[in-house]
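Colleague: Generate coordinates for the entire structure from the input sequences, incorporating the hints supplied.
Going down the list, the protein sequences come from chains G and W.
Numbering follows my numbering, in which position 71 of the first sequence is assigned residue number 71; successive positions increment by one, without gaps.
Numbering follows my numbering, in which position 84 of the second sequence is assigned residue number 1084; successive positions increment by one, without gaps.
These are calculated hints, taken from the structure and not from any lab test.
Values in this document were obtained by computation on a predicted structure and should not be read as measured data.
Hints are supplied without guarantee of correctness; some may be wrong.
Unchecked claim - Pairs of lysine-lysine residues, derived as DSS-like cross-links and limited to a Cα-Cα distance of at most 30 Å, are as follows:
#1 W/1276 to G/29
#2 G/29 to W/1436
#3 W/1208 to W/1318
#4 W/1436 to W/1289
#5 G/48 to W/1318
#6 W/1276 to W/1436
#7 W/1022 to W/1208
#8 G/29 to G/6
#9 W/1276 to W/1208
#10 G/48 to W/1436
Unchecked claim - Covered by chain G, per the in silico footprint, the following chain W stretches (three or more residues, Cβ under 8 Å):
#11 1128-1141
#12 1170-1176
#13 1183-1197
#14 1200-1207
#15 1219-1229
Where is the CB? At the ideal position from N, CA and C, for every residue including glycine.
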Amino acid sequence: MNDNAKIYGLLAEFAGPDELVRGTEGVSKAGYSRIETYTPFAVEGVSKALHFRPIAVAVIFLVAALLSAAAGYFMEYYASVISYPENIGGRPLHSWPSFVPITFEMGVLGGVLGGVLGMLLLNRLPRYSHPVSNVERFRAASSDAFFLCVESSDPRFELERTTEALRNCGAIQVTEVPLES
Amino acid sequence: MPPGMTDDSITERITGIVVKRKMGYGWIGGFAIAFSLLMMFNYAIAVLFAYGVGIWGIQIPVAWGFAIVNFVWWVGIGHAGTFISAVLYLCHQEWRTSINRFTESMTLFAVACAGIFPLIHLGRPWLFYYLFPYPNTMDLWPQFRSPLIWDMFAVTTYAIVSVIFYFVGLLPDLATLRDHSPHYWQRVIYGILALGWRGSGRQWSRYKMAYLIMAGLATPLVVSVHSIVSLDFAVGIVPGWHTTIMPFYFVAAALQSGFAMGLILIIPVRHFYHLKDIITGRHLANMAKLLLATSLIVGHGYFTDTFMSWYSADPYDKFIVADKFTGAYAIGGWMLMILDVGVPQLIWIRAVRQSPVVLFIVAILANVGLWLDHFILVVQSLHSDYLPSEWRMFYGTKWDWMTLFGSFGLFLTLFFVFIRIFPMVAMSEMRGLVHKKPGELKERGA
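Modeller: Here you go:
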């Protein structure tokens, strides 16, 4: 459609978090899939309404922590047994109990570094700009406004019909999001 | 949670302090004092680097003096911040939301102070990087069986994780500052720091998952860090150090000094920045109860330590415990018991819990007591070694005291800067509480 090329989507404002969750569920039920909410805090129920579960983040944390812990243990083993073996009063070179603290610390460090980096990259951050911020009112999304955006790339997107659908779902205001400011 | 608070009023109140409020004389005066102390710290360290650790009071047998005492004390103060951020988050203690940003900042700055002492107490501080396992032409590795190396890994990990945890918690609030600052340059700086955060549904749910897991990882981390610090002592054969109670008791003492420091910082700030409706008497009372609980655990640690030294029938250990209360350092031994276990018992009284001024004084006394505790642990145990001909008293020189008080300068300078540039209260989490139903909140104690 012609309209779709020029705009990023339609931004609907809702009165509060509960209205937003109901609205998102309604729009999702109407068959729209390219939708996204914008809220000043993590609203309970939104990810369910968007059919989204952040499993990838948890997996990245786990894998990063395990790999890093293993690397930490291997470093200690390599240093104490292979590269620089020291005989201290006949104690075993592979004295694993004394390797536990560093293994644990390395696991936590790697997990947090990897997990947070993974979270940011999956969230496409850092990012210089985004079309939704072309709407003047969007500034309130980091304070007290609750938005739902239906993107124009959605196969069901049609300017009038989608506006109508958003209003039926309880939106108090619907704005077009221009691609360029 | 105060009634009548809305999303917008939170934004207005908290960002207003950062981006609109002018610098008052109080802030400038406080900053000037803190900064002077920091300059004194720099001076003391410069002299130290020029002349070496001989300017301190340390000698043989008391080779560990103020530097280690201060290190243990400052690391401990950091622990309560992580405890409040992570453990109380996992336990759904939602009252933490008003104070977690404060205490997390306290953690960062305390760890910054702590990190300096192990570096400067080295005889040749410019070779500190020998502690890191890096490929080197000497073909050497650090000794991974040594608690000192564990300590280096633990404290470094703790510092890095604290910074990341802090930044992730700050991210949505930085976006709020970006969108609500009156000046262009403020919007640019906060905009860069906010990384383009938009608060989309998918972003939030990944964010929450990451925050939850980080809290889960930080919880064992905070226990491990001071446990490992305690192993610096417990693995040694010095009587008074060589006990298994150490990790447990160190963690409790760390949390106690942190809760006390939290009260010391929060009470004046909420007064001067008019935040009494956000950080209420309940928050102070809850902090005070945690201080009381940890002081009881520390008291239990003292009891067990004394009992075990008698029960062990080890003459050296029995001697060192008796010496703590009857020997040359007896005043310190009794004072620390009174200050860090005795004084906090006042918190049992409701009127004390409800009076910020009294709590402030109790917190300061408790923290002095905990510093004394570490002092006695380090110095008194060392000063009477196995060989009586070696026994010697330790006296801190003026450089020792300047380094101790100078580190307050670093801590307070960082804190004064923090209250001007970052929001003091986690706004995005506060908004979440505003929209909770009153019954639900009461249940969870917010």
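Colleague: Indicate, hint by hint, whether the structure satisfies it.
Modeller: Now the hints, each set against the structure:
Restraint check for residue 1276 of chain W and residue 29 of chain G: the C-alpha separation of about 45 Å exceeds 30 Å, so the hint is violated. Taken as a hint, the residue 29 of chain G and residue 1436 of chain W pair is honoured in the structure, with Cα atoms around 26 Å apart against an allowance of 30 Å. Of the pairs offered as hints, the one joining residue 1208 of chain W and residue 1318 of chain W is violated, with about 52 Å between alpha carbons and a cut-off of 30 Å exceeded. For a cut-off of 30 Å, the pair hint linking residue 1436 of chain W to residue 1289 of chain W stands: about 26 Å separates their Cα positions.
Between residue 48 of chain G and residue 1318 of chain W the CA atoms are separated by roughly 63 Å; this puts the pair beyond 30 Å, and the hint is violated. Of the pairs offered as hints, the one joining residue 1276 of chain W and residue 1436 of chain W holds, with about 21 Å between alpha carbons and a cut-off of 30 Å not exceeded. Only pairs whose Cα atoms come within 30 Å are accepted, and residue 1022 of chain W paired with residue 1208 of chain W is rejected, the gap being roughly 34 Å. The suggested pairing of residue 29 of chain G with residue 6 of chain G holds, with an alpha-carbon distance near 26 Å, which does not exceed 30 Å.
Straight-line distance between C-alpha atoms of residue 1276 of chain W and residue 1208 of chain W comes to about 28 Å, which keeps the hinted pair within the 30 Å bound. Among the hinted pairs, residue 48 of chain G with residue 1436 of chain W is consistent with the structure: their alpha-carbon atoms are about 18 Å apart, no more than 30 Å. Counting residues of the segment 1128-1141 of chain W whose CB lies closer than 8 Å to any CB of chain G gives 4, so the stated coverage by that chain holds, three being the minimum. Three residues within the 8 Å Cβ limit are the bar, and the segment 1170-1176 of chain W against chain G gives 3, so the coverage statement holds.
For the segment 1183-1197 of chain W, the proposed coverage by chain G is satisfied: 3 residues have a C-beta within less than 8 Å of a C-beta in that chain, meeting the threshold of three. Under the rule that three or more residues need a Cβ within less than 8 Å of chain G, the assignment of the segment 1200-1207 of chain W holds, with 8 such residues. Residue count for the segment 1219-1229 of chain W with a Cβ under 8 Å from a Cβ of chain G: 4. That meets the three needed, and the coverage hint holds.
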